[in-house]
Every structure is written in C-alpha cells, then in structure tokens.
Amino acid sequence: GAGVSQSPSNKVTEKGKDVELRCDPISGHTALYWYRQSLGQGLEFLIYFQGNSAPDKSGLPSDRFSAERTGGSVSTLTIQRTQQEDSAVYLCASSLGQVNTGELFFGEGSRLTVL
Amino acid sequence: GNSVTQMEGPVTLSEEAFLTINCTYTATGYPSLFWYVQYPGEGLQLLLKATKADDKGSNKGFEATYRKETTSFHLEKGSVQVSDSAVYFCALSDRTGANSKLTFGKGITLSVRP
Chain U
1073 GAGVSQSPSN
1083 KVTEKGKDVE
1093 LRCDPISGHT
1103 ALYWYRQSLG
1113 QGLEFLIYFQ
1123 GNSAPDKSGL
1133 PSDRFSAERT
1143 GGSVSTLTIQ
1153 RTQQEDSAVY
1163 LCASSLGQVN
1173 TGELFFGEGS
1183 RLTVL
Chain P
5 GNSVTQMEGP
15 VTLSEEAFLT
25 INCTYTATGY
35 PSLFWYVQYP
45 GEGLQLLLKA
55 TKADDKGSNK
65 GFEATYRKET
75 TSFHLEKGSV
85 QVSDSAVYFC
95 ALSDRTGANS
105 KLTFGKGITL
115 SVRP
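Those protein sequences? They're chains U and P, same order as listed.
Using this note's numbering, the first residue of the first sequence is number 1073, and each one after it goes up by one.
Using this note's numbering, the first residue of the second sequence is number 5, and each one after it goes up by one.
FYI, nobody ran anything at the bench for these hints, they're computed from the structure.
No residue lacks a Cβ here, since even glycine has one placed at the ideal position from N, Cα and C.
Just so you know, not all the hints are guaranteed correct.
Unchecked claim - In silico DSS-like pairs for lysine-lysine, Cα to Cα no more than 30 angstroms straight-line:
no., chain 1, residue 1, chain 2, residue 2
1, P, K110, P, K72
2, P, K81, U, K1083
3, U, K1129, P, K64
4, P, K64, P, K110
5, P, K110, P, K81
6, U, K1087, P, K110
7, U, K1129, U, K1087
8, P, K110, U, K1129
Claimed, not checked - Restraint-style ranges between C-beta atoms, simulated for each label pair:
no., chain 1, residue 1, chain 2, residue 2, range
9, P, G33, U, L1111, 29 to 39 angstroms
10, U, S1110, P, S115, 29 to 39 angstroms
11, P, K60, U, G1088, 44 to 54 angstroms
12, U, R1136, P, S62, 38 to 48 angstroms
13, U, S1110, P, M11, 12 to 22 angstroms
14, P, S18, U, R1153, 47 to 57 angstroms
15, U, S1159, P, V86, 43 to 53 angstroms
16, P, S18, U, V1146, 41 to 51 angstroms
Claimed, not checked - Here's a subset of chain P near chain U, in silico, CB distances under 10 angstroms, partners left out:
no., residue
17, V8
18, M11
19, A21
20, F38
21, Y40
22, Q42
23, Q49
24, K53
25, A57
26, S104
27, L106
28, T107
29, G109
Input sequences plus hints: build the corresponding full structure.
Printed below as a string of structure tokens:
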C-alpha cells in the first residue's frame, strides 16, 4: 500500500526482554517521527529523523530506548530490557518536509504489552 | 516549552447536535495549529489546519479558527453524525525551530448516538 506501514501490529513480551518495532514510511518522505500513545496521556513525542540523522531525540524516555533509520527509509525503534511502563501503542509518522506547513501521515501503530 | 490543553472527555452527543471541542495552546514563536482525528481501528489523520492568526481551517463540516489573542483553536461542527465518533487531537508545530515536530494534546473521545 501507499501508506505508512508498521510491524508488528501487536507484540506481547515479558519484562526484561528486548523488542524491535519497525516503520516503513511513505516513499519519498524525508521526515520520520516516532510517538508513544498511552492511555490518558495523549501522544508523546519520542524522536524525529530527517533523512538518516536524528536532530531531535529529546523525547526518548531513557537510554533503554534507541532508534535508527537506514537508507532514508525504514526505521527501527528498539526497547531494551522492557518494563511494564513501556506498554503503549508506538506510532510512526512520516512527512514530505517541514511539519509546520505540511501534514504527518501516521501508521496504525504497534501495540506493545509488557507482562 | 510548547503545550496543548484540550477539554476533558469523553463527550457523548446525539446525532445532529452542535459540537465544540476546546483547545488552547502555549508556544514560543508563531505556531501552526492542527486538528487530527483517529477513527476506530485507524491511524491518525489530519482533519484541518491553520497556519496564521485568524485563519479558519475547515474539512468535512468541521471548522476551527486560529485565535492568537486567546491562544485557542476550538473545533466546531454544526451537526454531528454517528460517523464522526472518533478521538480528536489538537496539535501545534513551532515554525521557528529547525527541528520540526508536532506537540499534541491528550485527545478527546467523541461518541455520537443515533
């Protein structure tokens, strides 16, 4: 399809395990964003990529969280040693350029449950 | 820092009722303002936007006006439908920063009864 694709759609893991979440943005979109959606907390910004570099990673909650983007396309968000408070829906979005004039296109999210 | 405050939810309305969802913001610089909607089982999508003061964004019968003097961007619709049931998020972007991102409110769930 032509939209933002995320996988897996659902992930259940045990506390202490590592998880990888994948995002495939819309072809040609240079900007890519990760957000976290928790119940009652709205959308929390995690990290922003422009091409393969991340000029803003201020939202990553701890050093257990990391993300990379390769080839200006696919991005992976990695959470090491997962904790129960990491349970949330992780959303990826992409845009053509500066978000202040354009719009973000969101994927359907990856729901992470840490037992 | 930037922040967006939305009215508390959830909101339940009967079909054809008038809808207002309040949104106020705090921002450095001169932000653009957005309303995003998340329908059940779908990803967030842009509903409307406004990029400067007194601009009115509109789409699908929804409207919101950028009010710089009251730092608000309230969403309105004259007659809601069952198909409008969704979660609505107000958001802003700071145009003065090189690192552009959207700051979202907590969202509000709207349920419309037939």
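Here is what the structure says about each hint:
{"no.": "1", "hint": "P:K110 with P:K72", "in the structure": "21 angstroms, holds"}
{"no.": "2", "hint": "P:K81 with U:K1083", "in the structure": "37 angstroms, violated"}
{"no.": "3", "hint": "U:K1129 with P:K64", "in the structure": "35 angstroms, violated"}
{"no.": "4", "hint": "P:K64 with P:K110", "in the structure": "22 angstroms, holds"}
{"no.": "5", "hint": "P:K110 with P:K81", "in the structure": "20 angstroms, holds"}
{"no.": "6", "hint": "U:K1087 with P:K110", "in the structure": "27 angstroms, holds"}
{"no.": "7", "hint": "U:K1129 with U:K1087", "in the structure": "24 angstroms, holds"}
{"no.": "8", "hint": "P:K110 with U:K1129", "in the structure": "21 angstroms, holds"}
{"no.": "9", "hint": "P:G33 with U:L1111: 29 to 39 angstroms", "in the structure": "31 angstroms, holds"}
{"no.": "10", "hint": "U:S1110 with P:S115: 29 to 39 angstroms", "in the structure": "21 angstroms, violated"}
{"no.": "11", "hint": "P:K60 with U:G1088: 44 to 54 angstroms", "in the structure": "51 angstroms, holds"}
{"no.": "12", "hint": "U:R1136 with P:S62: 38 to 48 angstroms", "in the structure": "43 angstroms, holds"}
{"no.": "13", "hint": "U:S1110 with P:M11: 12 to 22 angstroms", "in the structure": "19 angstroms, holds"}
{"no.": "14", "hint": "P:S18 with U:R1153: 47 to 57 angstroms", "in the structure": "49 angstroms, holds"}
{"no.": "15", "hint": "U:S1159 with P:V86: 43 to 53 angstroms", "in the structure": "31 angstroms, violated"}
{"no.": "16", "hint": "P:S18 with U:V1146: 41 to 51 angstroms", "in the structure": "45 angstroms, holds"}
{"no.": "17", "hint": "V8", "in the structure": "8 angstroms, holds"}
{"no.": "18", "hint": "M11", "in the structure": "13 angstroms, violated"}
{"no.": "19", "hint": "A21", "in the structure": "25 angstroms, violated"}
{"no.": "20", "hint": "F38", "in the structure": "8 angstroms, holds"}
{"no.": "21", "hint": "Y40", "in the structure": "8 angstroms, holds"}
{"no.": "22", "hint": "Q42", "in the structure": "8 angstroms, holds"}
{"no.": "23", "hint": "Q49", "in the structure": "7 angstroms, holds"}
{"no.": "24", "hint": "K53", "in the structure": "7 angstroms, holds"}
{"no.": "25", "hint": "A57", "in the structure": "15 angstroms, violated"}
{"no.": "26", "hint": "S104", "in the structure": "4 angstroms, holds"}
{"no.": "27", "hint": "L106", "in the structure": "6 angstroms, holds"}
{"no.": "28", "hint": "T107", "in the structure": "7 angstroms, holds"}
{"no.": "29", "hint": "G109", "in the structure": "6 angstroms, holds"}
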